[in-house]
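J.: Here is what each chain is made of, one letter per residue.
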Amino acid sequence: MFVYEKKLQYPVHIKNPNPAMAKYIISQYGGPDGELSASLRYLSQRYSMPYPELKAVLTDIGVEELGHLEIVGTVVHQLTRNMTVEQVEKQGFQDYFVDHTAGVYAQAAAGFPYSAAAFQVKGDVIADLAEDMGAEQKARVTYDNILRMCDDPDVIDVMRFLREREVVHFQRFGEAMGIATGKMDKRNVYAVNPSFDKMK
Amino acid sequence: MSDKDTCTYKEGPLPSCAPLAVPMLAAQQRSEPAYESVDALTKGTLFPGLDLPFMDYVASGPVEASPLTELMALDFVCQELALYLDTHPGDAEAFKKWKSFKALAKEGRKRYVEMCGPVTRGETAMFDSWVWPEDPWPWNGRKAGKK
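Quick mapping for you: the protein sequence lines, in order, are chains A and B.
Last residue of the first sequence: 200 (my numbering), numbering continuous.
Last residue of the second sequence: 347 (my numbering), numbering continuous.
The shape of chain A in the complex, shown without the other chains (with noise of 0.2 Å):
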């Protein structure tokens, strides 16, 4: 069950309508290491997993990517929200423009819609946490990049935030794969996938 607050984790106050820069920043929103796939992977992965320690980690960081979700929506919205067609045109926004107006479509930057075919949900322990790690750095590259291309502070502000989340989430990943290896067979941690296979 989920209960919505009415309120964002971090500040969001953007003056200056760039739909330019919402064009890529919308990649981490429906994009491939986008904050939607994050939170699909790790609320999906969690079923399959037989350790209380990761169900929680699991849960927990898939709960706050959708409230990152709902920052990069608003960081969109708001850097489209008073743009002219003027700006549409002169900016290279008509391809989304014609389709989406100033909504706020899941997307990645090149175009293509929303895809789960960007994660996976193995139903292996080490296999899903060890694409958690990767998800970590794939997102935080994505966000070094953005903010390569960045030149509003507002936005700046916004995307150091959620960038720093995913070094963070990287920690814990790392972590609960620790906990898991270590309740796994020391000889070999692959001899048998404690998802599937009955033990004891």
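Treat the hints as calculated values from the structure; they're not laboratory data.
For glycine and all other residues, C-beta sits at the position ideal for the given N, C-alpha and C.
Don't take every hint at face value.
Quick look at which bits of chain A chain B covers, simulated, 3 or more residues with Cβ under 8 Å [unchecked claim]:
#, stretch
1, 7-20
2, 54-63
3, 138-148
4, 152-158
5, 179-191
Given chain A's structure and the hints, the job is docking chain B onto it.
T.: The following block gives chain B in isolation, referenced to the frame of chain A:
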């Protein structure tokens, strides 16, 4: 673990000999040192050991002070401690700290709701009418709506 006290807050102990083909990442040892709550929110982490910015992209100053950012900061510290506790469930000191921040956040939430309106739909029960739909919604940013 005898290595524990030889590692700084930016490090964690790893075994000197470790199995091949098993992923290992140094675990954070304790929930200290920690930033003060507004600093933590501003930086995006409670823990100086995990504060690893890209190039020189660091906050130019603390998040602008307001009743909302004060609440955000307390909730953020609770979130950071909760994620830490998920992978360190036996850390009694961190649990104690989480409980004390949870109490502060609860107090802060009550004051905020009275002043600015409900944060959860259920909190609308503290009001005389159905004020839940009133602006601003989180994505509206600073403008409109009564504060």
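J.: Taking the earlier hints as the rules, which of them does this structure contradict?
T.: Violated: none.
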